[in-house]
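K.L.:
Line by line, the protein sequences give chains A and B.
Count along the first sequence from 1, add 1, and you get the number used in our numbering.
Count along the second sequence from 1, add 1, and you get the number used in our numbering.
Be careful, since some hints might not be right.
Since copy identity is lost for identical chains, a pair holds within one copy or between any two.
As the list claims (entries may be wrong) - Distance condition first, Cα-Cα at most 27 angstroms in a straight line; then the derived DSSO-like pairs of lysine-lysine: (1) K213 x K340; (2) K233 x K35; (3) K396 x K213; (4) K129 x K101; (5) K393 x K355; (6) K228 x K397; (7) K351 x K167; (8) K233 x K359; (9) K261 x K335; (10) K213 x K351; (11) K12 x K213; (12) K397 x K355; (13) K94 x K35; (14) K94 x K366; (15) K26 x K87; (16) K351 x K173; (17) K398 x K167; (18) K87 x K374; (19) K351 x K404.
Derived by calculation from the structure, the hints in this document are not laboratory data.
There are 2 protein chains.
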Amino acid sequence: MNNTLRELAEKERLPLVKLRDGIGKGTIVVLKHKDNQNACAIGTGCYTKVNMNLGVSFSSPLELELQKLRACEELGTDTVMDLSTKDTVRTLKTMLEHAKVPTGTVPIYGCLDAGEEEFLKAIEKHVKAGASFITVHAAITRTGAGLAIRRRITKIVSRGGAILAKYMEDNKKENPLYTNISYIIGMMKDSGCAMSVGDALRPGCLADAMDKAMLLEMRVQAEIVDKCRMQKVPVFCEGPGHMPFDRIAECMRLQKKVQKGAPYYVLGPLVTDVALGYDHINAAIGATAAAIAGVDFLCGLTPSEHYALPTLEDVRQGIIAFKIAAHAADVVKKPQAMKRDNEMSRARFKLDWKAQEKLAITGFKLPCELGLKDSAPCSMCLSLCPMNIIGKMQKKKERKLWKVRANPNL
Amino acid sequence: MNNTLRELAEKERLPLVKLRDGIGKGTIVVLKHKDNQNACAIGTGCYTKVNMNLGVSFSSPLELELQKLRACEELGTDTVMDLSTKDTVRTLKTMLEHAKVPTGTVPIYGCLDAGEEEFLKAIEKHVKAGASFITVHAAITRTGAGLAIRRRITKIVSRGGAILAKYMEDNKKENPLYTNISYIIGMMKDSGCAMSVGDALRPGCLADAMDKAMLLEMRVQAEIVDKCRMQKVPVFCEGPGHMPFDRIAECMRLQKKVQKGAPYYVLGPLVTDVALGYDHINAAIGATAAAIAGVDFLCGLTPSEHYALPTLEDVRQGIIAFKIAAHAADVVKKPQAMKRDNEMSRARFKLDWKAQEKLAITGFKLPCELGLKDSAPCSMCLSLCPMNIIGKMQKKKERKLWKVRANPNL
Chain A
2 MNNTLRELAE KERLPLVKLR DGIGKGTIVV LKHKDNQNAC AIGTGCYTKV NMNLGVSFSS
62 PLELELQKLR ACEELGTDTV MDLSTKDTVR TLKTMLEHAK VPTGTVPIYG CLDAGEEEFL
122 KAIEKHVKAG ASFITVHAAI TRTGAGLAIR RRITKIVSRG GAILAKYMED NKKENPLYTN
182 ISYIIGMMKD SGCAMSVGDA LRPGCLADAM DKAMLLEMRV QAEIVDKCRM QKVPVFCEGP
242 GHMPFDRIAE CMRLQKKVQK GAPYYVLGPL VTDVALGYDH INAAIGATAA AIAGVDFLCG
302 LTPSEHYALP TLEDVRQGII AFKIAAHAAD VVKKPQAMKR DNEMSRARFK LDWKAQEKLA
362 ITGFKLPCEL GLKDSAPCSM CLSLCPMNII GKMQKKKERK LWKVRANPNL
Chain B
2 MNNTLRELAE KERLPLVKLR DGIGKGTIVV LKHKDNQNAC AIGTGCYTKV NMNLGVSFSS
62 PLELELQKLR ACEELGTDTV MDLSTKDTVR TLKTMLEHAK VPTGTVPIYG CLDAGEEEFL
122 KAIEKHVKAG ASFITVHAAI TRTGAGLAIR RRITKIVSRG GAILAKYMED NKKENPLYTN
182 ISYIIGMMKD SGCAMSVGDA LRPGCLADAM DKAMLLEMRV QAEIVDKCRM QKVPVFCEGP
242 GHMPFDRIAE CMRLQKKVQK GAPYYVLGPL VTDVALGYDH INAAIGATAA AIAGVDFLCG
302 LTPSEHYALP TLEDVRQGII AFKIAAHAAD VVKKPQAMKR DNEMSRARFK LDWKAQEKLA
362 ITGFKLPCEL GLKDSAPCSM CLSLCPMNII GKMQKKKERK LWKVRANPNL
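Based on the sequences and whatever the hints tell you, model everything.
P.N.:
What follows is the structure in structure tokens.
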């Protein structure tokens with residue numbers, strides 16, 4: 002682990018002692034990866050990380066999900082989550098085998114209408130299969146679910162949350178993940194698997210944001226963070242969701258305070274409900290603000306959020322939007338991050354198109370048919386290209402200066 | 002004008018007296034449109050407006066630009082600018098004839114290597130042609146241009162700015178638009194054409210943001226605002242550009258203070274330099290933050306910013322990203338704006354797909370091949386759809402309650 006830590010500190014541009022200290026205090030969590038070649042540090046002081054959700058379902062075969070995995074990795078995702086809804090253990094194992102990044106999972110997606118035993122069994126299986134982190138929806142209680150269902154427009158929008166709300170309603174019992182949390186933590190101890198405390202009550206629309214149900218769940222998450230830390234199980238928390246832009250910073254700061262600096266992992270947040278078909282842009286807006294306000298880990302979403310399982314291209318668009326959000330935040334949070342922007346700007350002024358392509362974080366390739374030539378302007382401005390006009394002015398001035406220097410009689 | 006004002010107040014959900022007051026003080030500017038059917042109010046208290054740039058160039062024919070115009074209007078652009086670089090007056094007239102929204106222009110794009118007279122002539126022609134607003138790059142001075150060229154990575158990135166910097170350098174003279182500003186204002190007086198004071202020195206990369214050149218130009222813009230107001234010429238100012246996310250609010254508040262509440266019209270701002278191919282997303286992130294901090298008018302940009310004149314599809318993508326940004330800001334600035342989000346959320350909970358399509362601000366149509374059926378979940382979650390699970394739970398409960406009420410013996 003020591004070597005890994007040194008490498009991680011290097012990657013995060015953090016002094017080793019700070020990384021160690023963060024891990025000790027729980028403000029940084031390291032997500033494991035096979036042999037830890039690509040372990041990933043998440044938390045205060047680290048670069049903002051991006052996750053993308055994958056997973057076979059009744060409508061998407063494994064081969065397609067593996068293609069999505071490769072696309073995510075090419076575009077620089079930091080982690081993936083396998084949210085398969087069938088054959089969950091087998092698929093997770095395949096994903097773990099192929100993934101070059103830490104891989105998380107939500108064990109209870111196979112547990113609709115299951116009993117207490119099955120919930121716990123599912124979690125155990127996913128931990129044993131080697132998941133880097135698992136979402137445990139232990140913070141939704143009967144009170145919280147009741148508040149959400151009675152008072153909200155979109156009630157509960159988490160799949161895990163809905164499964165557990167139904168269990169609680171059908172059995173008139175408390176959430177079995179909440180009542181068995183110590184058992185679950187014990188099961189995870191020493192496995193290296195981190196716990197992502199789910200936010201089953203994340204707001205599903207602007208109107209539901211920052212309501213009683215959400216804030217209650219945030220406090221229950223904090224309890225679980227304490228319990229995990231006591232058992233030295235790495236832990237972080239999940240967050241919203243949908244939220245008006247001006248509440249984002251407030252929410253993120255509240256989380257850090259209530260949950261004592263635990264890393265925060267948010268889905269978006271989306272800053273409007275009416276961006277159907279373009280929710281990756283919508284969410285990237287909120288994600289940037291959230292990351293700057295202290296969020297450590299962004300869960301990307303795709304253009305098809307709210308209406309379909311994403312296609313391969315949807316996943317690509319989603320990860321690109323979130324890479325932009327994370328980088329825009331890092332420019333503010335980690336001064337070193339701006340080096341790349343400055344290099345790009347120099348390439349831009351020189352009209353060095355190849356360098357621009359290389360420096361882009363979007364994997365974008367300039368279309369050949371544009372016929373872009375180095376030092377020549379693009380079709381946007383042509384002869385009015387300011388870079389070209391000013392560049393030539395400068396060169397002329399330099400030539401004059403050179404002549405003056407070369408001939409003292411001038 | 003009185004009828005127009007009443008309609009505008011209604012459209013902006015502003016009391017008529019507030020609109021009148023804003024216009025009087027210059028914190029609101031009304032952009033004219035043929036017969037004023039679609040005049041557009043911009044400024045404090047109004048909804049955030051979006052502009053899209055169009056314009057024929059050496060590489061894009063008029064017919065294509067008219068198609069782009071129609072696409073923008075269908076997607077709800079509030080204004081367009083005709084940035085043609087050839088046949089500028091003739092094209093402007095055609096655009097004005099076709100446009101259903103106020104249309105602005107930059108008169109000096111035909112003036113590379115022109116003399117003082119030609120600059121002024123060009124402006125006069127565009128005002129007389131009936132432009133709703135014109136950009137006048139009067140705030141770039143020799144000092145400002147010198148600062149930008151000596152100290153910045155990307156120097157000057159405004160086409161108008163480069164044309165004027167070259168004029169100043171070649172002729173060793175001050176900016177003719179600056180020295181002739183009173184003449185220009187006099188020419189515009191009573192024409193109904195508003196002045197958009199250009200920001201020829203807007204930062205073209207993060208590193209150049211909020212530098213001396215930019216702040217100097219902001220102060221010169223303020224001088225021009227004063228002069229316009231004295232002559233009752235409606236005036237607003239243009240702003241950045243590229244800017245780290247955490248400087249945006251600061252910049253916007255500074256502008257409102259320095260320029261005494263003049264409406265602010267920004268291009269982006271882009272929050273990173275490395276999002277090549279996806280700068281519409283990049284800019285929408287900054288635009289949302291800017292609009293919430295007080296910006297009134299957003300100039301959209303497209304995926305092809307920095308490398309090509311946008312295609313029709315690029316323009317569509319750009320306007321959609323900016324409609325999202327403007328709406329996300331309005332949700333915060335104008336409480337009424339959230340009504341649409343709430344309706345969408347209700348439709349979402351009911352799995353009412355047709356209503357969702359109608360309420361989207363993106364013009365997005367749900368693909369038929371998805372076979373979405375009302376009250377049935379989508380391929381994302383299928384049987385795990387939380388809306389479906391919770392919806393059914395609620396119905397079951399209601400049925401029980403109904404039975405209890407119907408039979409008092411139960």
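K.L.:
State for each hint whether it applies.
P.N.:
Verification of the supplied hints:
Only between protomers do K213 and K340 lie at most 27 angstroms apart by alpha-carbon distance; the minimum there is 21 angstroms, versus 43 angstroms within a single protomer. For the homomeric pair K233 and K35, the shortest alpha-carbon distance inside one copy (20 angstroms) is at most 27 angstroms, but the shortest distance between copies (70 angstroms) is not. In this assembly of identical chains, K396 and K213 lie within 27 angstroms of each other by CA distance solely across copies; the values are 24 angstroms between and 64 angstroms within a copy. In the homo-oligomer, the alpha carbons of K129 and K101 lie at most 27 angstroms apart inside one protomer (19 angstroms), although the nearest pairing across protomers, at 63 angstroms, exceeds that limit.
Taking the shortest Cα distances, K393 and K355 sit within 27 angstroms of each other inside one copy (20 angstroms), while across copies they are farther apart (56 angstroms). Taking the shortest Cα distances, K228 and K397 never come within 27 angstroms of each other, neither inside one copy (69 angstroms) nor across copies (37 angstroms). Within a single copy, K351 and K167 get their C-alpha atoms only as close as 61 angstroms, which misses the 27 angstroms cut-off; across copies the closest is 18 angstroms, which meets it. Within a single copy, K233 and K359 get their C-alpha atoms no closer than 42 angstroms, and across copies no closer than 50 angstroms, so neither meets the 27 angstroms cut-off.
For the identical chains of this complex, K261 and K335 are intra-copy neighbours only, at 22 angstroms inside a copy versus 34 angstroms across copies, given an alpha-carbon limit of 27 angstroms. For the identical chains of this complex, K213 and K351 are inter-copy neighbours only, at 23 angstroms across copies versus 54 angstroms inside a copy, given an alpha-carbon limit of 27 angstroms. Proximity of K12 and K213 under a CA criterion of 27 angstroms is satisfied in neither setting, with 39 angstroms inside one chain copy and 35 angstroms between copies. In the homo-oligomer, the alpha carbons of K397 and K355 lie at most 27 angstroms apart inside one protomer (25 angstroms), although the nearest pairing across protomers, at 62 angstroms, exceeds that limit.
Taking the shortest Cα distances, K94 and K35 sit within 27 angstroms of each other inside one copy (12 angstroms), while across copies they are farther apart (65 angstroms). When the C-alpha separation of K94 and K366 is checked against a cutoff of 27 angstroms, the pair qualifies neither within a copy, at 34 angstroms, nor between copies, at 37 angstroms. Taking identical chains as interchangeable, the C-alpha atoms of K26 and K87 are never at most 27 angstroms apart, the minima being 37 angstroms within one chain and 64 angstroms between chains. Taking CA atoms no more than 27 angstroms apart as the test, K351 paired with K173 passes between copies only; the shortest distance there is 25 angstroms, against 68 angstroms inside one copy.
Only between protomers do K398 and K167 lie at most 27 angstroms apart by alpha-carbon distance; the minimum there is 12 angstroms, versus 75 angstroms within a single protomer. For a Cα distance limit of 27 angstroms, the shortest separation of K87 from K374 across copies, 23 angstroms, qualifies, whereas the shortest one inside one copy, 51 angstroms, does not. Only within a single protomer do K351 and K404 lie at most 27 angstroms apart by alpha-carbon distance; the minimum there is 24 angstroms, versus 77 angstroms between protomers.
Going through the hint list in order, the structure does not satisfy hints 6, 8, 11, 14, 15.
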